[in-house]
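*Asks:* Sequence:
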Amino acid sequence: MKNDTVGRLKMGYLPLAFVFLFFATELSSQVNIADPFVLRVDGKFYLYGTDDKKPNDGIPVLVSDDMVNWSGPAGNAAGKLALAKGSSYGTRGFWAPFVVQNNHMFYMYYTANEKIAVATSDSPLGPFMQQEFRPLNDSLKEIDPHVFIDDDGRKYIYFVRLINGNRTFAAELADDMRSLKPGTVVECINQSQPWEIISGNKWPVTEAPAILKHQGKYYLFYTANDFRSPAYNVGYAVSASPLGPFVKYKENPLIRQTDKIKGTGGCEFVTGPGEKLYMFYHAHADEQSPTPRRTLFSNAIFVPGKAAGESIFQVSENKVFLKSSAR
Numbered sequence: 012m013k014n015d016t017v018g019r020l021k022m023g024y025l026p027l028a029f030v031f032l033f034f035a036t037e038l039s040s041q042v043n044i045a046d047p048f049v050l051r052v053d054g055k056f057y058l059y060g061t062d063d064k065k066p067n068d069g070i071p072v073l074v075s076d077d078m079v080n081w082s083g084p085a086g087n088a089a090g091k092l093a094l095a096k097g098s099s100y101g102t103r104g105f106w107a108p109f110v111v112q113n114n115h116m117f118y119m120y121y122t123a124n125e126k127i128a129v130a131t132s133d134s135p136l137g138p139f140m141q142q143e144f145r146p147l148n149d150s151l152k153e154i155d156p157h158v159f160i161d162d163d164g165r166k167y168i169y170f171v172r173l174i175n176g177n178r179t180f181a182a183e184l185a186d187d188m189r190s191l192k193p194g195t196v197v198e199c200i201n202q203s204q205p206w207e208i209i210s211g212n213k214w215p216v217t218e219a220p221a222i223l224k225h226q227g228k229y230y231l232f233y234t235a236n237d238f239r240s241p242a243y244n245v246g247y248a249v250s251a252s253p254l255g256p257f258v259k260y261k262e263n264p265l266i267r268q269t270d271k272i273k274g275t276g277g278c279e280f281v282t283g284p285g286e287k288l289y290m291f292y293h294a295h296a297d298e299q300s301p302t303p304r305r306t307l308f309s310n311a312i313f314v315p316g317k318a319a320g321e322s323i324f325q326v327s328e329n330k331v332f333l334k335s336s337a338r
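Going by the numbering used here, 68 is the number at position 57 of the sequence shown; the sequence numbering is gapless.
Be a bit skeptical, because a hint or two may be false.
The list that follows gives simulated cross-link-like pairs (lysine-lysine, DSS-like), each with its CA atoms no further than 27 Å apart [claimed, not checked]:
1) Lys91 with Lys55
2) Lys96 with Lys64
3) Lys273 with Lys261
4) Lys64 with Lys91
5) Lys65 with Lys152
6) Lys152 with Lys259
7) Lys287 with Lys224
8) Lys126 with Lys192
9) Lys317 with Lys287
10) Lys55 with Lys224
11) Lys228 with Lys317
12) Lys228 with Lys287
13) Lys317 with Lys261
14) Lys287 with Lys55
15) Lys228 with Lys192
It is worth saying that the hints were derived from the structure and are not from the lab. It should be emphasised that the depicted structure is a prediction, and the values quoted were computed from it without experimental measurement.
Given these sequences and hints, build the entire structure.
*Replies:* This is the structure in structure tokens:
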């Protein structure tokens with residue numbers, strides 16, 4: 012599966028059917044999955060992420076046919092999870108999963124114990140497991156993995172290291188999908204723009220990387236500020252190479268927040284109905300509390316910029332919150 016293909020699809024605005032469907036399903040339960048990632052397989056959508064209520068149990072998965080109404084828990088692992096504690100590396104803090112299909116196998120990259128690990132399954136529902144329980148790197152604290160397969164088949168992983176802040180790095184993956192190619196790790200994003208800086212914050216944060224390829228350029232998305240802050244928001248940077256250097260968009264951040272929708276971040280992308288591009292992300296629970304975070308999505312498009320060959324990424328102001336039913 013090539014992650015970059017979504018960047019070249021014809022994109023438009025959010026279909027009104029989604030808006031109507033949203034209001035029609037208000038009586039359903041709100042989906043509270045933070046750091047959402049959506050995988051599309053054979054016409055179905057699989058939602059993975061962080062469960063703020065039970066972060067030490069494993070990684071949940073929900074299933075949908077339309078991207079708005081979800082059913083679950085739907086996993087094949089213990090507790091109906093996609094990945095359950097005890098079947099793979101980690102004892103606590105199961106966060107921010109990313110799933111990619113390669114050679115008929117599904118690879119889940121996830122955070123546990125502030126390390127990144129890789130588990131596999133022959134089904135998007137799991138169970139995702141490791142034969143040998145181990146992280147990618149046992150010597151450093153690393154979180155928030157995102158994997159990208161380029162047109163030439165080379166594979167890259169983007170992640171966050173906890174070194175004097177949360178800083179975004181990238182590296183080329185080895186062919187086994189479970190290790191890094193030596194000498195390829197580079198730093199891509201750190202705190203530099205005014206909106207990324209919270210007054211008095213001694214631990215700068217640029218985290219939750221995600222990447223799209225569009226017209227030969229690489230768009231690296233990240234979220235800045237502490238996740239508990241209302242100022243938590245998404246920005247992006249552009250490069251001619253998957254490993255950078257990346258130049259930040261001057262008009263960051265991307266998401267227009269409201270009085271009732273704050274703390275928007277942790278984004279990922281999927282090609283949805285109508286072959287349009289959608290950005291999934293989370294928002295604070297309400298105006299008083301950041302958790303459990305709510306899951307939502309917006310339509311996303313590339314538009315021509317002022318400079319020759321320039322494309323600007325934009326997010327629709329329409330925000331669709333996900334609804335769920337028990338499975």
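*Asks:* Could you run down the list of hints and mark each one as holding or not?
*Replies:* To see whether the hints hold, each was checked on the structure:
Simply put, Lys91 and Lys55 have alpha-carbon atoms about 18 Å apart, close enough for the 27 Å limit, and the pair holds. A distance of roughly 15 Å separates the Cα atoms of Lys96 and Lys64; the hinted pair therefore holds under the 27 Å criterion. Between the alpha carbons of Lys273 and Lys261 the distance comes to roughly 21 Å, so the proposed pair stays at or under 27 Å and holds. A threshold of 27 Å between alpha carbons decides the hint, and for Lys64 with Lys91 the separation of about 15 Å falls inside it, so the pair holds.
As the CA atoms of Lys65 and Lys152 are separated by approximately 21 Å, the hinted pair is consistent with the 27 Å bound. The suggested pairing of Lys152 with Lys259 holds, with an alpha-carbon distance near 25 Å, which does not exceed 27 Å. At most 27 Å may separate the alpha-carbon atoms for a hinted pair to count; Lys287 and Lys224 meet this at roughly 15 Å. Under the criterion of a C-alpha separation no larger than 27 Å, the hint pairing Lys126 with Lys192 is consistent with the structure, at around 18 Å.
With a C-alpha separation of about 24 Å, the suggested pairing of Lys317 with Lys287 holds against the 27 Å cut-off. Among the hinted pairs, Lys55 with Lys224 is consistent with the structure: their alpha-carbon atoms are about 23 Å apart, no more than 27 Å. At roughly 16 Å between alpha-carbon atoms, Lys228 and Lys317 fall within 27 Å of each other, so this suggested pair holds. For a cut-off of 27 Å, the pair hint linking Lys228 to Lys287 stands: about 19 Å separates their Cα positions.
Of the pairs offered as hints, the one joining Lys317 and Lys261 holds, with about 13 Å between alpha carbons and a cut-off of 27 Å not exceeded. A hinted pair counts as satisfied when its Cα atoms are at most 27 Å apart, and Lys287 with Lys55 qualifies at roughly 15 Å. A distance of roughly 22 Å separates the Cα atoms of Lys228 and Lys192; the hinted pair therefore holds under the 27 Å criterion.
Violated hints: none; the structure is consistent with every hint.
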